[in-house]
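A.B. asks: Could you put the whole structure together from the sequences, leaning on the hints where they help?
As given, the protein sequences belong to chains A, B, C and D, one line each in that order.
For the first sequence, this note's numbering assigns the number 1 to the initial residue and increments by one for each residue that follows.
For the second sequence, this note's numbering assigns the number 1001 to the initial residue and increments by one for each residue that follows.
For the third sequence, this note's numbering assigns the number 2001 to the initial residue and increments by one for each residue that follows.
For the fourth sequence, this note's numbering assigns the number 3001 to the initial residue and increments by one for each residue that follows.
Be aware that a few hints might be false.
In silico DSS-like pairs for lysine-lysine, Cα to Cα no more than 27 Å straight-line [as the list claims (entries may be wrong)]:
hint	chain 1	residue 1	chain 2	residue 2
1	B	K1225	B	K1182
2	C	K2111	B	K1024
3	C	K2033	D	K3033
4	A	K120	B	K1120
5	A	K80	B	K1120
6	C	K2041	B	K1024
7	D	K3111	A	K24
No lab work stands behind these hints: they were computed from the structure.
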Amino acid sequence: MARITAGVATSHVPAIGAAIDLGKTKEPYWAPIFEGYEWSKTWIAEEKPDVVILVYNDHASAFSLEMIPTFVLGTAAEFKPADEGWGPRPVPVVKNDPEFAAHLAQSLVLDEFDMTLVNKMDVDHGLTVPMSLMFGQPDEWPVKVVPLAVNVLQYPPPTARRCFNLGKAIRRAVESYPKDLKVMIFGTGGMSHQIHGPRAGLINAEFDNKFLDLLVEDPEQLAAKSHLEYMRECGAEGVELIMWLIMRGALNDHVTPLRRFYHVPASNTAVGHIVLDNA
Amino acid sequence: MARITAGVATSHVPAIGAAIDLGKTKEPYWAPIFEGYEWSKTWIAEEKPDVVILVYNDHASAFSLEMIPTFVLGTAAEFKPADEGWGPRPVPVVKNDPEFAAHLAQSLVLDEFDMTLVNKMDVDHGLTVPMSLMFGQPDEWPVKVVPLAVNVLQYPPPTARRCFNLGKAIRRAVESYPKDLKVMIFGTGGMSHQIHGPRAGLINAEFDNKFLDLLVEDPEQLAAKSHLEYMRECGAEGVELIMWLIMRGALNDHVTPLRRFYHVPASNTAVGHIVLDNA
Amino acid sequence: MAEDYDIPGTYVFDADASRRGFWLNQFAMSLMKPENRERFKADERAYLAEWQMTDEQREAVIARDYNRMLELGGNIFFVSKIGANDGKSFQFLAATMTGMTQPDYAEMMLKGGRSPVGARTKEEWEMHRG
Amino acid sequence: MAEDYDIPGTYVFDADASRRGFWLNQFAMSLMKPENRERFKADERAYLAEWQMTDEQREAVIARDYNRMLELGGNIFFVSKIGANDGKSFQFLAATMTGMTQPDYAEMMLKGGRSPVGARTKEEWEMHRG
Ligand SMILES: [Fe+3]
Ligand SMILES: [Fe+3]
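C.D. replies: So, in structure tokens, the structure goes:
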């Protein structure tokens, strides 16, 4: 039987990807951020998951305004890094486990989540930056990835509650897969950021740290919050934090935090990261 | 306040569209079918709805296998008839009420339906044949149309229950729209048909007629049925009947049937049609 | 992980079939464009070679063996575009898949279609066909 | 039916904005392709004329007035592609929208970013800016 052994949350700031790709990780501005992920890189290299379900959002790379799907599950065999305007990031192609992805798709739809399945999609920094942060710069990613893209660009995104419940459905889907698979789930995006308008630059470290506390201890409280509260407290784009709730919903009620990291700033954004053991 | 005044269900057989477009409606094979819709055409011309929410499915016209959305809501200003391989049907462009559609989209997502919004889409016979059957051959359609496309091509489609509940959410969405609008909802597709494989040609008139009875009196029973039962009883493609449940879910518990019609065959298919008053 | 649905004479197009038949179906959909129709007509094998299909899928297309296409992951709404391109009616395709002649199939439909009796489960179907 | 969200200094990109800004955003996304970038650089007004935008939207693009673009239905993830095309950093764009110089904005970020105090509601925001 497949099982979810851990959950990981991390910001997916594009500037972090650029710092990696341009070899700036030792520069004083960036070094503290990359040091924050050293423990996790070692840990995941030892844990060796078979598959990561990677929850992220597209940023006007794969999806234009012609089509705005709420929840997208990638069922293709592979996904190429997107050209976000400066050529694709120099990272490996993302390989899926299509049989497992097809099982997830089927299970989630029958569980009354109205998924959009995609068989052709480029993946942008929302997916590739977390991969780089957790797995470094290998020639091939050491893990299969099922991309799960969430609409957070056009209001309203799915509610925090709906995201949390999707996580629970993902857990049921994983546990009904007959093959022995070690699965992890990543929730990405956030933490505090607003990157547009006169209020740009908003960072609410108190809210972010409280979010990290509650994510471990009482995610129900986070699932009950409105979009308005997220946008008001941690920035209009900070609403991406709802994606962390998908990850959290897929785990046990009680989880053990293995690693927690918070840093301001990375470009316009607060960086948050947490590793939750699901033993 | 906007309100749903009636629900209409009808098959959307492509051959019916061809018969209209080629002027064959008086031929002995087709005449009984078109006579079956005469009452409804007169009725709807008198009723003059402002907007129709038209539930249908795309048949590999607008959507390839690159992207398979479960529920699609059309939010564009207009939708052109699709070229299904013989040039587009000679019918008017479908005009939306984009402000109303945006309201529906927003309300449905907040109500935890994971809609895909589309701002560019051609509409195939699934949408245009019901329009022709109900409104004839005008130069412009006398009503605005919000297209709602449901995946029934790739298994699993949404469950019958999910469809019924989407109907209920549509009703809440319509009734929370502040403008005075007279809205109707069409459920299309079905009835019995299987158009592929050694079992092609299956027609289950008993099941279809029982479905029509229950649609009026006890739609809960229909919502409880599995995909397997629909496919087994009324053909693999007969599963399209789940779309009638979206329509039914949007109406009152008690409705008055105004018109009911059933005919076999139209090409490979049973034709069913019902008009439900929601007063 | 092909699942077994107990419905006889039916190819349930699920996520597994969709994955296996992806390029077959995308090829079929490409025939909606006149320029592709022309190129396919001019040299079927050459046009098919441009798509990442399996050889079995290509042979099934060349042979116009629709049941075989469905077995190999084809979806009827996609592969029927091949028939349309050949100028065949949908009823011709349906008849072909049942193994009946088109007049026999058309007559069955006029008489109310195929009865569900004996066509609900694979066991029934086998017994019925003897 | 523009809705009023009580968050100051923020343009909530909802379905109404999406509808108003559709072509502005699609234009901005087109700049992801090198050939379009070249054509836009060669003659901005000519390239803009190819898109079904309003004149106000075109003027906001020409003026690189990002807040105005957002007001007219732009989405930051789309319109920022215009800035990228100009060789501007995202931080430059962010600073511009706040009315700060880029060094001042960068320093604010280094010091922990903009405080949420006084930035939660429109009333607070007005008082705070006095
Ligand atoms: Fe993001
Ligand atoms: Fe249909």
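A.B. asks: May I ask which of the numbered hints given earlier this structure violates, with the numbers listed in increasing order?
C.D. replies: When the structure is compared with the hints, numbers 1 and 6 turn out to be violated.
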